[in-house]
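Here are the chains, one letter per residue:
Number of protein chains: 2
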Amino acid sequence: MTFREFYNAVLNANYTSDEEIAFSLTKVHFKKGEIITEYNQIEKQVYFINEGIVELTIKSYMTEKVIDFFFENEMVCALTSFLTQTPADVRLTALTDCEMEMVHHHELMNAYETGLDINKYGRIITEQAYLRKSNREKDFLCLTAEERYMKMFKTHNQYLHNIPVNKIAKYLGIHPESLSRIRAKLNS
Amino acid sequence: MTFREFYNAVLNANYTSDEEIAFSLTKVHFKKGEIITEYNQIEKQVYFINEGIVELTIKSYMTEKVIDFFFENEMVCALTSFLTQTPADVRLTALTDCEMEMVHHHELMNAYETGLDINKYGRIITEQAYLRKSNREKDFLCLTAEERYMKMFKTHNQYLHNIPVNKIAKYLGIHPESLSRIRAKLNS
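Read top to bottom, the protein sequences are chains A and B.
So that you can map any letter, position 18 of the first sequence is 18 in our numbering, and since no number is skipped, the others follow by simple counting.
So that you can map any letter, position 106 of the second sequence is 106 in our numbering, and since no number is skipped, the others follow by simple counting.
Hint data in this document are derived by calculation from the structure and do not stem from the laboratory.
Chain A regions said to be covered by chain B (calculated; three or more residues, Cβ under 8 Å):
no., region
1, 55-65
2, 80-87
3, 128-138
Calculated Cβ distances over 10 Å to all of chain B for the following chain A residues:
no., residue
4, D18
5, N40
6, A184
Keep in mind it's a predicted model, so treat the numbers as computed, not measured.
Virtual Cβ for every residue (Gly too), placed ideally from N, Cα, C.
Please take these sequences and the hints and turn them into a complete structure.
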């Protein structure tokens, strides 16, 4: 899906060319393993993933934790940094080769000044980001690691083989050995 | 602060009467201990707190956990239920006597259809809700209970005496005894 198709779907609109949208889109590519946004960098872009998987990590004491994975047809950026324009405490990495469409922060802010549609879109996308964050918090409070894995398995089954096991374990907040036990149990 | 003053501050606008705003505001009062939104209720309102403290809890297995506290000059509702119009998995309770201004879901949705300012406002408020949720997640991943308490102490010192110790402990995710030890250490 292109960003324009996604934008039309969210707004129930019918923009027929990228030029009609109030900001410009730039196609970018990242190779597997490439860092998209580094720790302490101020996030100046937001991306729409045409293809690929992006990992969001945070440093915690001496270790690194995986906060989230983002898949095709999703928006991604270091959002707290993007919203506050302060240095990121997270890192975005391409887990596979990625093709994305990129929007600059200043262009989006200009569009927000006067555009009804872009404000609606920004509101709806932020609502979805909130729901995602809130659901993850509730999962951590209320579900076991096994239940959290099952949920991930159900929603993102087609992508899981592209994510190394140790990263899935870091996302679930468990040791890789515990994840192996859960997977063995589910397969038996 | 009234909602209108808050709305003007967020939008850098100058609405001089509530009638100019694209939805109606109803003043409501809740007594200390009163439930504002119950588990499994579909959230039909969003509130602006003129005065008081509201607690947001979730059931987790046999216990109840405190997700957040909301104070004066903040918006509050069971937001995931409000956004999705599905039954709430959280409960909102007045921790003190509360005076609030209330907006109905259907009025807000109507205003969102065509209003630039209300979409800007909704976007900005949702961005702030996201930042709050994201910061809490990062605090849980990266800070000790003592550091989390210190942070809460710094930002909401004037309100803490209104919140029972066991609720603060539930918010921090620790036993009340551990919180007593932290407080004793900080006072020594």
